[in-house]
Amino acid sequence: MKKLALSDEILLTIEKPARYVGNEINMVKKDLDKIEIRFCMCFPDVYEIGMSHLGIQILYDMFNRREDTYCERVYSPWVDLDKILREKNIPLFALESQDPIKDFDFLGVTLQYEMCYTNILQILDLSHIPVLARNRTENDPIVIGGGPCVYNPEPIADFFDFFYIGEGETVYDQVLDAYKENKNKGGSRRDYLEMLARIEGLYVPSFYEVEYKEDNTIKAFYKNNGQAKDKIRKQVEMNLSDTFYPKKPLLPYIKAIQDRVVLEIQRGCIRGCRFCQAGMIYRPVRERDLAFLKDYACQMLKATGHEEISLSSLSSSDYSALQELVYYLIEKFSSKGVNISLPSLRIDAFALDVMSKVQDVRKSSLTFAPEAGSQRLRDVINKGLTQESILTGARDAFNSGWNRVKLYFMLGLPTEMEEDIEGIAVLSDKIAREYYAIPKIKRNGKVSIVTSTSYFVPKPFTPFQWARMDTPEEYIEKQRFLRGKINDQLNRKSIKYNWHEAEVSILEGVFARGDRRLGKVIYDAYKAGCLFDSWSEYFKYEAWMKAFKDNGIDIAFYTSRERDEEEILPWDFIDAGVTKEFLWREYNKGIQGKVTPNCKMACADCGAKVFNCGICYVKKGQEVTS
Amino acid sequence: MKIRIKFTKSGPLKFVGHLDVMRYFQKAFRRAELDVEYSQGFSPHQLMSFAAPLGVGLTSDGEYLDVSMNTCDAPEIMIPRINAVMSEYIRVVGFKVLPDNSKNAMSIVAGADYLVSVKDGYDFMDKSVFEQKFTDFYNQENIIITKKTKKSENDVNIKSMIYHISFDREKFQENMGTPLTARIKDSVADTYANETKVYIRLAAGSVNNLKPELVMEAFCRYAGAEFEKFAYQVHRLEIYADLGDGINRKLIPLEHADSFAKVY
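Protein sequences, first through last, are from chains Z and U.
Going by numbering that gives the first Met the number 0, the first sequence opens with residue 0, and the numbers climb by one from there.
Going by numbering that gives the first Met the number 0, the second sequence opens with residue 0, and the numbers climb by one from there.
Worth flagging that the hints you see were computed from the coordinates, not collected in a lab.
Remember, it's a predicted structure, so these values are computed and weren't measured experimentally.
There may be inaccurate statements among the hints.
From the structure, some residues in chain Z lie toward chain U, with a derived Cβ separation under 8 Å [unchecked claim]:
| # | residue |
| --- | --- |
| 1 | L3 |
| 2 | L10 |
| 3 | N22 |
| 4 | V170 |
| 5 | L249 |
| 6 | Y252 |
| 7 | A255 |
| 8 | I256 |
| 9 | H305 |
Straight-line C-alpha distance at most 25 Å; calculated PhoX-like pairs for lysine-lysine [said to hold, decoys possible]:
| # | chain 1 | residue 1 | chain 2 | residue 2 |
| --- | --- | --- | --- | --- |
| 10 | Z | K331 | U | K26 |
| 11 | U | K118 | Z | K356 |
| 12 | Z | K1 | U | K249 |
| 13 | Z | K293 | U | K228 |
| 14 | Z | K82 | U | K228 |
| 15 | Z | K87 | U | K118 |
| 16 | Z | K356 | Z | K405 |
| 17 | Z | K87 | U | K228 |
| 18 | Z | K2 | U | K149 |
| 19 | Z | K28 | U | K228 |
Glycine included, each C-beta is placed from N, C-alpha and C at the ideal position.
Based on the provided sequences and hints, a complete structural model is requested.
This is how it looks when you write it as structure tokens:
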């Protein structure tokens, strides 16, 4: 047995020691003597969350298919171990070999949400790697950032050697080949970064500089290195049915958040909701072949022994062969006790049939995400879900025995008025009325409606990237207003209202559309003890506010300010396919309440056609219901 | 039909707790495509139960679980088939079909053998001194410990719950009349350079249960040494059922205690 990095004394003192000992089923083992490149993949949150992430599993499998590369993993040490590692000066290690990360060639960090930024600094700090990229030496690993947050990497640009923008399946081979080439010819770290700057999709932040105007907006963004590109084009895997996907996903011993096989049936979304970043940055929509999915479903269930398979996509109902796939899985696996879960499924006759077959009706709930309370505002955000379709879906479900409904809304959307907010209360009540309209004998006790509101955060590469975010005061006032309106409803006792706290969303808003000046704030907040910011029990709002104040940074500049069309946005150097013209057009149509048809109905000329694949090359005008 | 499976647990997986080991086996059986019997209802689960939970930090050569299966092949086929999908640190070493009227393993546990080793760096006394003092400790007429519960403290005499001690595995098994198996060399127990260790047989199960850690704590108090809780690696060797007549104990390893009918 390979010696563990942590002693028995430490492991028996901390919570869930199995987080740190590796050796999971399907873990890849390699002979270090035959390896040229050591890559450590990091999800900067606790093990149970990181192990649930599909992207890491795809990349882990992909890297380890290379004979010259050993890809290992690391997750954020929980606060109990964090303290011990600091006290005893133990360097953070990778799970597979238990070797210190500072001895690796690469540290690749996936950036899934803004609130993990301090955790990145923890990983670097505990690994004894200089936190600032400019302080790293020839002996330090190359630190890479990837994932959705790299569509605006500027707030964390100081901490990374380069960012990989887009889908990981495409140019990593070039990244690793260039590394070997550079090493063989005795090239320096800088030589290597220059080689990378020439590869499509890679952004080396140190090769660019930013100048600001007096009003704090960007005056100029320019290159300081001749090898750097003007624009970085996001990477897209053109054929999702002939690419990397893990047949033997890692299986943790302790229960992960996602304790099931995750099968990504398609990438992207045809819907074009104007607030949704994923719907824009993953364009164009690409489906995986039915045969590919059937094959992988069988192999992954066999290799893991999971009792559940989840079909993952932004909008499952839009996958063209969904019925065939789902009925195939039910037929093949439900007798073997395998549950099938379908998040993001539109409630219709098919959905109810599937749900009644795979779930316990008494225990499961229906989920609707109208996002806005009135038809007018749903048109503004281009959410093609009507009140009628919600009520019809609910009625059918109630008739089939369901009695629980979850509703998701946002507060603070552009053009929002009191009527729109009140509409949330009214719609919740109408659903309850539907329930009590069915004969008492067919009802299953009382109806339970859980209405949740989140705080709208404008994101880069969405039509609302120019929009103003509400101030916390405005948001809290709206919450209070809505609570009052819910209490005015006939069925108020059936409606439970949940809302998000304002503080975390405000920070998310700052970092989502922030610039390089925020790097210092993040570093200062980290030094002041901020860590695991997405965990409410560890979130230190005052420490964050102090870090902003100490650096002379006004939060409202980033959040509650509407941008104009000419402003240089920090992420303008990224070419995500969707053009700025398209987004601006959509912003204005949105303000006017005009809807845009989805990609299957008509092409909106968003720009994603440049990627030469997916829905852009499928005949339009198919019948698609919303 | 009821199947009793014997397995070992070692290495880094000593840090995986009992509930996670249960989940591990459920998934392992699915990977091995065993024809396991499921409970009825909307969330069916495998009909499986474990003899005695093993604490986090302990290793074992002799863990048991019972599982209901609809069909199965001979042990020579089943054991390799399960091990093919298992971690190298949890291995199946026994597979036995039980008579239908057998009681489940958990209900018949009566004793367990442990190897307690002093970890290197914690060797607080010489091997020979340890053995002498431990023998003296064991030969006391009464061994009183204080058991703390949430509400109260109770003095308990554990002497009768310590069935046997030895410092040599072969002698230990000989004295106990347990068949000497080849398993000594196959043991997954970690070894330590200081070689200070003791084999002990203790009462286990629902009636009387004594943890080896409590014995070591009592020994340290007797020997005037400070009890360091990280100083010992506890390794379970075997779990037994009592097939005696109620007066004289007759401990039989669970894998051989299949049809459990008391003979008076």
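Which of the numbered hints above does this structure break?
Of the numbered hints given earlier, those the structure breaks are 4, 5, 7, 8, 11, 12, 13, 18 and 19, listed in rising order.
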